[in-house]
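Listed below are the residues making up each chain.
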Amino acid sequence: METNLNRQIQGSGYGQHYISSGVGYKRRKMANFLLLGLTGVLTLLALIPLFWIIGYVLYKGGAYINLALFTQMPRPMGLTGGGVLHAIEGTLILIVLAAIFSIPPGILAAFYAAYYPNTKLGVALRFGTDVLSGVPSIVIGIFGYAILVKPVGHYSALAGGIAMAMIMLPTIIRTTEEMIKLVPRNLREGALALGSPEWRAALQVTLPAAMNGIITGFILSLARAAGETAPLLFTALGNDRFDLVAMIKTGIQMGKPLPVVLLNIIQQPVDSLPLTLYKYTQQPFPENINQAWAVAFVLLMLVLLTNIATRAWVSRSSKQSRR
Amino acid sequence: MKYFETKFQSGKKSSWMNRLLMHGDRPWMGLIIFMALLTVFLMLAIGYTLVIDSNHAITKFGLDFIKPMATNSWDPVNDKFNAWPFIYGTLITSFVAVLIAVPLSLGIAIFLSEICPISLRNPVGMLVELLAAIPSVVYGLWGIFIFLPQIIYPMGNVLSETLGKLPFLNIILTGPISQSGASRLAAGFILAIMITPTIAAVTRDVFLAIPSSQREASLALGATRWETISRVLLPYGLSGILGAVILGLGRALGETMAVTMVIGNSIEGSLSVLRPGYTMSSIIANEFAEAVSKMHTEVLIEIGLILFVMTLVLNSIARLLVWRVNSKFQQEVRA
Numbered sequence: 001m002e003t004n005l006n007r008q009i010q011g012s013g014y015g016q017h018y019i020s021s022g023v024g025y026k027r028r029k030m031a032n033f034l035l036l037g038l039t040g041v042l043t044l045l046a047l048i049p050l051f052w053i054i055g056y057v058l059y060k061g062g063a064y065i066n067l068a069l070f071t072q073m074p075r076p077m078g079l080t081g082g083g084v085l086h087a088i089e090g091t092l093i094l095i096v097l098a099a100i101f102s103i104p105p106g107i108l109a110a111f112y113a114a115y116y117p118n119t120k121l122g123v124a125l126r127f128g129t130d131v132l133s134g135v136p137s138i139v140i141g142i143f144g145y146a147i148l149v150k151p152v153g154h155y156s157a158l159a160g161g162i163a164m165a166m167i168m169l170p171t172i173i174r175t176t177e178e179m180i181k182l183v184p185r186n187l188r189e190g191a192l193a194l195g196s197p198e199w200r201a202a203l204q205v206t207l208p209a210a211m212n213g214i215i216t217g218f219i220l221s222l223a224r225a226a227g228e229t230a231p232l233l234f235t236a237l238g239n240d241r242f243d244l245v246a247m248i249k250t251g252i253q254m255g256k257p258l259p260v261v262l263l264n265i266i267q268q269p270v271d272s273l274p275l276t277l278y279k280y281t282q283q284p285f286p287e288n289i290n291q292a293w294a295v296a297f298v299l300l301m302l303v304l305l306t307n308i309a310t311r312a313w314v315s316r317s318s319k320q321s322r323r
Numbered sequence: 001m002k003y004f005e006t007k008f009q010s011g012k013k014s015s016w017m018n019r020l021l022m023h024g025d026r027p028w029m030g031l032i033i034f035m036a037l038l039t040v041f042l043m044l045a046i047g048y049t050l051v052i053d054s055n056h057a058i059t060k061f062g063l064d065f066i067k068p069m070a071t072n073s074w075d076p077v078n079d080k081f082n083a084w085p086f087i088y089g090t091l092i093t094s095f096v097a098v099l100i101a102v103p104l105s106l107g108i109a110i111f112l113s114e115i116c117p118i119s120l121r122n123p124v125g126m127l128v129e130l131l132a133a134i135p136s137v138v139y140g141l142w143g144i145f146i147f148l149p150q151i152i153y154p155m156g157n158v159l160s161e162t163l164g165k166l167p168f169l170n171i172i173l174t175g176p177i178s179q180s181g182a183s184r185l186a187a188g189f190i191l192a193i194m195i196t197p198t199i200a201a202v203t204r205d206v207f208l209a210i211p212s213s214q215r216e217a218s219l220a221l222g223a224t225r226w227e228t229i230s231r232v233l234l235p236y237g238l239s240g241i242l243g244a245v246i247l248g249l250g251r252a253l254g255e256t257m258a259v260t261m262v263i264g265n266s267i268e269g270s271l272s273v274l275r276p277g278y279t280m281s282s283i284i285a286n287e288f289a290e291a292v293s294k295m296h297t298e299v300l301i302e303i304g305l306i307l308f309v310m311t312l313v314l315n316s317i318a319r320l321l322v323w324r325v326n327s328k329f330q331q332e333v334r335a
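Going down the list, the sequences are from chains D and B.
For the first sequence, counting from 1, position 87 maps to 87 in the working numbering; every step adds exactly one.
For the second sequence, counting from 1, position 141 maps to 141 in the working numbering; every step adds exactly one.
Don't take every hint at face value.
Stated by the list, open to error - Negatives, chain D to chain B, calculated, CB over 12 angstroms:
#1 Ile88
#2 Ala99
#3 Gly122
#4 Ala146
#5 Val183
#6 Gly238
#7 Leu244
#8 Met247
#9 Ile252
#10 Leu302
As the list claims (entries may be wrong) - With a cut-off of at most 25 angstroms between alpha-carbon atoms, the simulated DMTMM-like pairs for lysine to aspartate or glutamate come out as follows:
#11 Lys181(D) / Asp25(B)
#12 Lys80(B) / Glu268(B)
#13 Lys120(D) / Asp25(B)
Stated by the list, open to error - Partial selection, computed: residues in chain D whose CB lies under 10 angstroms from chain B:
#14 Lys29
#15 Ala46
#16 Leu207
#17 Thr216
Since the hints were derived computationally from the structure, they do not count as laboratory data.
Model, not experiment: these values are computed from the prediction.
Beta carbons: idealized from backbone N, C-alpha and C, even for Gly.
Kindly generate the complete structure, drawing on both the sequences and the hints.
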């Protein structure tokens, strides 16, 4: 239909004249074509580093991935062999601590932000989280050092975990808030109308309804935090003699109760994967550099898989709910 | 109301448990208000702690601390400190980063919101966002061993041979670039890659939030699609886009690990982007854990404070700009 009309217009001398005689019509059309194409080219250009990094890390790191990397403690610098078990354990400990210190406060604050967005505190909270998410992670690191390391006198996993929690907190508040807002109002109103108190409506009705999205937010922010290095430099510090199994074993042999053992563990400085990667790149030994690539492989996998899996999950569950 | 309440309670006798279940609202409100306050005060606490812990350095050096000086005077052993080289390093690398990232991310945002087929929008958008998810140490590693020797070193040579010979430009483009490629230019490029997704995502949301009546009106008047974008949509979303760019700038100022790994970490007098340098965050990352004296630590905390204030101001401006866009639109954009 449209092409027909075009042909008609172009066929008649009048139409041709009318449409194409605007000032510099050809030039305008050309510019349109070129500049729109340019945006596509720029998009491709921006994606080159992505594929370059992923490809190279997979190629280079994949070559040095072996079982020892995941199951052995590091050998002294410069010697071949050994693994980064200490860093894997450290990362897990830090992630658990960060989750404990960021998720409960984050959810509660998000409820406030979602239900009372326009009170003075609500505006301050939303603005505060937005600004907090822009605070450089190295500054959070210094803050963590000042309030958690200096008074105690030693570096610890606990300080590192709390510093990581501060990085995660704004993201968690934001995603949870968005998800709570997406839950239909009448669910909550229904619960309230049935006589349920406010807090039960929030925790037993709204929260489960928003759970999918909230968990996605947690996983993504945990994956992000697991790759952070700067806040750990002066809080968790790094510790290549960290041996979780040995600590638990000696703890049990000495007959200490489990909480004491755990408390002892989180008071040790620990290493994490990104911290190890950073330290290994500063070493002159090729063996360390190779292991750094392998660690990069693990980190990248962690990030890519969590991102892709959570997104796939979200799109699947949103399809289901639409049905 | 009464009826429902009695109904709700009727299952159990009125016990303390029941009363708690019915009247848990006060503690609940108290709890969520406490957590909200805690989050707000966290930011204040960071600022307060940094000021207190750098107190002596602030009173001792005053404004001289950030004064531009021609000669390098960073001497931890003799307690002589001047932060200008680091401030300069941060500003110049962030400037290079924004210079590269803005056209790139504008292109991406326009492509994603206006041009690409809707079926491609999500996958491509996701790829761009993945770029932001890569840990910064991985950027650093890739930078040191691949990007610097293969791209930055040849590019730096070309720049110093051509533009570096021109008057004025030779101040910031004096060569030679070091063999490893470690330089402020390298840091700027890596930063550009890292902040592009941030700017692109917010800008795309700004474009998507512009009412389609604006586009339709412009197209109906005979404008081409590019003219619609450049003369209608860009001015309409300008404050939001500006907010996005400032947000990206804030990211660039604070980014630590990747920059520390590629910038070369050396204090020298040269202003050239082709020479290695330091940024504020990289000097902290390098020296904080091994500070030689109390004053050294305090001075590094003061640098952290300056960084904090800079990002705080930039972020506040950015959020206000983006929030202001929201009052114009129906759809919410949040940076």
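So, going through the hints one by one against the coordinates:
1. Ile88: Ile88(D) clear of chain B: closest Cβ-Cβ about 15 angstroms, beyond 12 angstroms.
2. Ala99: Given a closest Cβ separation of 16 angstroms, the condition holds.
3. Gly122: violated (8 angstroms)
4. Ala146: violated (5 angstroms)
5. Val183: holds (16 angstroms)
6. Gly238: At about 9 angstroms from chain B, Gly238(D) fails to clear the 12 angstroms cut-off, so the statement is violated.
7. Leu244: holds (23 angstroms)
8. Met247: holds (24 angstroms)
9. Ile252: holds (33 angstroms)
10. Leu302: violated (9 angstroms)
11. Lys181(D) / Asp25(B): holds (20 angstroms)
12. Lys80(B) / Glu268(B): holds (16 angstroms)
13. Lys120(D) / Asp25(B): Given that 25 angstroms is the threshold and the Cα spacing comes to 21 angstroms, the pair holds.
14. Lys29: holds (7 angstroms)
15. Ala46: holds (5 angstroms)
16. Leu207: violated (12 angstroms)
17. Thr216: For Thr216(D), the interface hint is violated, since the closest Cβ of chain B sits about 13 angstroms away, which is over 10 angstroms.
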